[in-house]
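Starting from the given sequences, assemble the full structure and let the hints guide the process.
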Amino acid sequence: MAIEDDVTVVGGGLAGMTAALAAAREGADVRLLSHKDSTLRSASGLVDVLGYDADGTLLADPFEAIADLPDSHPYRTVGVEGVREGLALFDAVVGDRYRGDHTDRNALVATHGGSVKPTARYPASAAPGLASDERSVLLVGFETVTDFDAPLAADHLRAAGVPFEVEGATVQFPGDFRADAARTRLADALDANERLEVGAAGSGGSGRSGRSGGGAGGGESGYTTSLPARKALAETVKDHLDGTERVGFPALLGQHETDEIRADLEAELGAAVFEVPMGSPSLPGMRLEGAFQRACRDAGVRFTTGNPVVGYEERDADRHDGGVAAVRVNRNGAAIPFHADQFVLATGGLVGKGVDSDREGVREPIFDCHVPAPSDRYDWFADEAFGDHPFARFGVETDDDLRPLDREGEPAFSNLRAAGAVLGGSDFAAEKSGSGVSLATGVAAGRSAAREVTR
Amino acid sequence: MSDAETPTDPSDARDEQAVSDEEFEPVQVFPESEEMDLRPGSDDCYKCSTCDSACPVAEVDDEFPGPKFQGPEQWRVKRKDDHDIDDSVMSCSNCMRCDSACPSDVPLSQMHNTARGQFVEEQMEKLSREYVRNRILANYGTLAGFASKVPRLANFVMGNSFVQSINEKLLGITSEREFPEFADQTFREWWHERGGNATSEKRAREARAKRDDASADADDKRVAYFHGCYSNYNTPEVGKSMVRTFEHFGYEVMVPPQQCSGTPMFANGMLADAERAAETNVRELAAAIEDGADIIASCTSCSMSLRQEYPELFSFEGTASVAARTYEALEYLRLHEDLDAELADAKVEDAEFAYHAPCHARNQGLAGQAVEVLDNLTGANAEDVGDSCSGISGTYGWKEEKYDTSMEIGAEMFDHMEDTDAETGMTECPTCAMQMEHGTGYEIRHPLEVLDEALVERER
Numbered sequence: 041m042a043i044e045d046d047v048t049v050v051g052g053g054l055a056g057m058t059a060a061l062a063a064a065r066e067g068a069d070v071r072l073l074s075h076k077d078s079t080l081r082s083a084s085g086l087v088d089v090l091g092y093d094a095d096g097t098l099l100a101d102p103f104e105a106i107a108d109l110p111d112s113h114p115y116r117t118v119g120v121e122g123v124r125e126g127l128a129l130f131d132a133v134v135g136d137r138y139r140g141d142h143t144d145r146n147a148l149v150a151t152h153g154g155s156v157k158p159t160a161r162y163p164a165s166a167a168p169g170l171a172s173d174e175r176s177v178l179l180v181g182f183e184t185v186t187d188f189d190a191p192l193a194a195d196h197l198r199a200a201g202v203p204f205e206v207e208g209a210t211v212q213f214p215g216d217f218r219a220d221a222a223r224t225r226l227a228d229a230l231d232a233n234e235r236l237e238v239g240a241a242g243s244g245g246s247g248r249s250g251r252s253g254g255g256a257g258g259g260e261s262g263y264t265t266s267l268p269a270r271k272a273l274a275e276t277v278k279d280h281l282d283g284t285e286r287v288g289f290p291a292l293l294g295q296h297e298t299d300e301i302r303a304d305l306e307a308e309l310g311a312a313v314f315e316v317p318m319g320s321p322s323l324p325g326m327r328l329e330g331a332f333q334r335a336c337r338d339a340g341v342r343f344t345t346g347n348p349v350v351g352y353e354e355r356d357a358d359r360h361d362g363g364v365a366a367v368r369v370n371r372n373g374a375a376i377p378f379h380a381d382q383f384v385l386a387t388g389g390l391v392g393k394g395v396d397s398d399r400e401g402v403r404e405p406i407f408d409c410h411v412p413a414p415s416d417r418y419d420w421f422a423d424e425a426f427g428d429h430p431f432a433r434f435g436v437e438t439d440d441d442l443r444p445l446d447r448e449g450e451p452a453f454s455n456l457r458a459a460g461a462v463l464g465g466s467d468f469a470a471e472k473s474g475s476g477v478s479l480a481t482g483v484a485a486g487r488s489a490a491r492e493v494t495r
Numbered sequence: 352m353s354d355a356e357t358p359t360d361p362s363d364a365r366d367e368q369a370v371s372d373e374e375f376e377p378v379q380v381f382p383e384s385e386e387m388d389l390r391p392g393s394d395d396c397y398k399c400s401t402c403d404s405a406c407p408v409a410e411v412d413d414e415f416p417g418p419k420f421q422g423p424e425q426w427r428v429k430r431k432d433d434h435d436i437d438d439s440v441m442s443c444s445n446c447m448r449c450d451s452a453c454p455s456d457v458p459l460s461q462m463h464n465t466a467r468g469q470f471v472e473e474q475m476e477k478l479s480r481e482y483v484r485n486r487i488l489a490n491y492g493t494l495a496g497f498a499s500k501v502p503r504l505a506n507f508v509m510g511n512s513f514v515q516s517i518n519e520k521l522l523g524i525t526s527e528r529e530f531p532e533f534a535d536q537t538f539r540e541w542w543h544e545r546g547g548n549a550t551s552e553k554r555a556r557e558a559r560a561k562r563d564d565a566s567a568d569a570d571d572k573r574v575a576y577f578h579g580c581y582s583n584y585n586t587p588e589v590g591k592s593m594v595r596t597f598e599h600f601g602y603e604v605m606v607p608p609q610q611c612s613g614t615p616m617f618a619n620g621m622l623a624d625a626e627r628a629a630e631t632n633v634r635e636l637a638a639a640i641e642d643g644a645d646i647i648a649s650c651t652s653c654s655m656s657l658r659q660e661y662p663e664l665f666s667f668e669g670t671a672s673v674a675a676r677t678y679e680a681l682e683y684l685r686l687h688e689d690l691d692a693e694l695a696d697a698k699v700e701d702a703e704f705a706y707h708a709p710c711h712a713r714n715q716g717l718a719g720q721a722v723e724v725l726d727n728l729t730g731a732n733a734e735d736v737g738d739s740c741s742g743i744s745g746t747y748g749w750k751e752e753k754y755d756t757s758m759e760i761g762a763e764m765f766d767h768m769e770d771t772d773a774e775t776g777m778t779e780c781p782t783c784a785m786q787m788e789h790g791t792g793y794e795i796r797h798p799l800e801v802l803d804e805a806l807v808e809r810e811r
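These protein sequence lines are chains W and X, in that order.
Residue 41 is where the first sequence starts when you use this note's numbering, and the numbers rise one by one after that.
Residue 352 is where the second sequence starts when you use this note's numbering, and the numbers rise one by one after that.
Since the hints were made in silico from the structure, they are not lab data.
Some clues are possibly wrong.
What the hints assert, rightly or not - Only part of the chain W face toward chain X is listed, based on derived beta-carbon distances under 7 Å:
#1 ILE43
#2 LYS76
#3 THR79
#4 ARG218
#5 ALA222
#6 THR264
#7 SER320
#8 PRO321
#9 ASP338
#10 GLY340
#11 ARG342
#12 PHE343
#13 ASN347
#14 ASN370
#15 ALA374
Please read these numbers as outputs of a predicted model, since none were measured by experiment.
Beta carbons: idealized from backbone N, C-alpha and C, even for Gly.
Right, here's the structure in full:
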């Protein structure tokens, strides 16, 4: 016959995995379809709920501000309770890997560009770096990790008026790595505590360093010496320390052993050690991806990844309920149908390609859901680069049950719900609300879909 | 003359008054190209480096610059005539994981294949040991064709440690590996002895009658099997299982003439060899499609090649239709039969497997399929051993200088296999199977063999 599930979720980012997990925990058989590896690999790992209001004023309590949002905002659809449920599911998945669940207040986290960002949940590895803390900070950058300029970030933080002393230093990552070594490679070296050559540089062409793991001592010869990576890194930083109470590194402190790496560095340096969230590929994002994927698999979610969903099949016309029967995956010209009872659309916004545009208009490419937009495309944007751009809010409109609406304001399909950035009405970049919208609407759409099949 | 070539005064462009909002229309600046033009794909790369973090070779080999360099960066550099292609492109194993990692749809493996082809064509010494060795490995099917004429002698010779050390010293083929045994009878020999197409047609008709499916039009139930080199020469059991299973569901099986799918040739930059093989395959398979068949493969690298690499690299008539009508065998049954219900009524005994999804199955969206299917079969269980690459990547792990890298990549999979309760491995890819066996000593089976056992053997 065909491949058939209770609930099929289209999209493998935070919203999609949240919807799949929420539906599976309600007892539904769930399949998640995604074109590529999860976009969480590109996410900072910070979980924002609402950082700024419409005037750009920093919000201390995001929940308090939800009532002031316009009706079209996804938070108004799911309500404050929906946002809390999204965060509750998140907290359960990540456990002690994250902080921030003890308070409703936004935390202020320094970013790799040296700005300060309000966020609701942050990795435990970033916790000692909060900008509200008054202890002095040394930011450490590495010559070859070019998207974190520590002295510049320190300057920016000072200019932002942070309540602590901050300095930046650029050092060479110990060992004999290629100049363009991937961040994940450096993280691996710290994970395994590989022995790295330190001391006199220029061992030229000696190839890769050993991977013998921890332990002290070892065969020193000549004027270089080899040290376990964590100790070697601490040695490199020590000269710059000068009594600083906290040390911030770009987020590459291991893929798996982050806690141990930080503890080892703290013991060596006698200072608190934290990670500064980074851009793609993001280690905190990859760790978060891993945690969500494990939770999904444990709940029985089936993953099918590798080809894009490009269209759908309607239910038999004689049922007259306008439902979706199957989504179609395009595999090199062949259309592979995936049947389900309920569907969740979580394909992302303009950046994630869940909303597409050309000169004629704006569209949702899989179900051709209506995406409201001004007919004149010169009205899609503001003149100022950081102005209030209408395009940032482009996305599908839904009813109270997150079902996308057609042009007439009626649900386009009886069994399709939408979650995450494909929803219109929020400007995640300006408001700092991206993860919160994904979590809240993901849980709501996933649970709602599952209830239809399990009741 | 295109808009892009319209001469304009550069000073006009800077004068905002000269172009009002209403008049401004962006134009297509790149002319339509008849030849393969990878520039648009290259321009889509915004250097997020996600591909580098997904590359199994870069993970263990610090000398390897990674897929981002091999693809879009090298593509830009090599467009200038005075730049050679970097020889590190030969260290790419063609696992194609970068393709599924890229959030921007950059055709990375296509860029790697074209760069590697150009490197071998223009920069590799044709009398060098490496070229000769790679050519032999890439044309495994030809070698196997000779060997299978005298399988016992070939097995004796290839299993001989003296020959193995000659292979390593003279050719750079590692002596660490056990050369795969040649079957006494090839799949094709078995097929013809069994009566070929006529027998299959008869058995399919009988099966349809028995399944109350006699009304089904015979033309709807016809598949052409692309067996590839390995199931022909080395593991004909897989091919036989595929034939019996499909006939059980009432399908008439055809076995068209065919050459190597080309996978080992792409991976070694032997594009001319691959093109010759592809021409035959596309012609024969397109003819089978004309006869009403869909194409079925049991090796996921073969189906990957027909589905993705052919359309990316060649433009024979019928290439697109062969790509669109090619399926992995299990995938095809899942789409066209109620396989879950069928398996729910069947059972096997003590079939615990440590399942590894080959990279080329992942790329086709088939990674979870065997685990899902066996979930429904009483007595069978397949535990996924995770998403690491097996490391052998076809001919890659056979090269003396790549052997250690290959084993280092595979280490994670070996560990995960041994962590499971199962003592038998399972995968769809013949070389992954080789690596799994080499690293753990487990016997490795193909999902089709289990299906055959559950659905067909029990009936006899």
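Structure-based check of all given hints:
The restraint placing W:ILE43 at the interface with chain X holds, with a minimum CB-CB distance near 6 Å, inside the 7 Å limit. At a threshold of 7 Å, the smallest CB-CB gap from W:LYS76 to chain X is about 6 Å, leaving the interface hint in force. The restraint placing W:THR79 at the interface with chain X holds, with a minimum CB-CB distance near 6 Å, inside the 7 Å limit. Annotation: interface hint on W:ARG218 holds; nearest CB of chain X at approximately 6 Å, less than 7 Å.
The criterion of a C-beta within 7 Å of any C-beta in chain X is met by W:ALA222, whose closest approach is roughly 4 Å, and the hint holds. For W:THR264, the suggested interface contact is broken, since its CB lies about 17 Å from the closest CB of chain X, more than 7 Å. With its C-beta approaching chain X no nearer than about 4 Å, W:SER320 sits inside the 7 Å limit, and its interface hint holds. With a cut of 7 Å, the hint placing W:PRO321 at the interface with chain X holds, because the nearest CB-to-CB distance is about 4 Å.
Checking W:ASP338 against chain X by beta carbon gives a least distance of about 13 Å; that is not within 7 Å, so the hint is violated. Among the interface hints, the one on W:GLY340 is violated; its C-beta lies about 10 Å from the nearest C-beta in chain X, farther than the 7 Å criterion. Annotation: interface hint on W:ARG342 holds; nearest CB of chain X at approximately 6 Å, less than 7 Å. At a threshold of 7 Å, the smallest CB-CB gap from W:PHE343 to chain X is about 6 Å, leaving the interface hint in force.
Checking W:ASN347 against chain X: minimum C-beta separation of about 5 Å stays under 7 Å; hint holds. Restraint check, W:ASN370 versus chain X: the minimum CB separation of about 9 Å is more than 7 Å; hint violated. Annotation: interface hint on W:ALA374 holds; nearest CB of chain X at approximately 5 Å, less than 7 Å.
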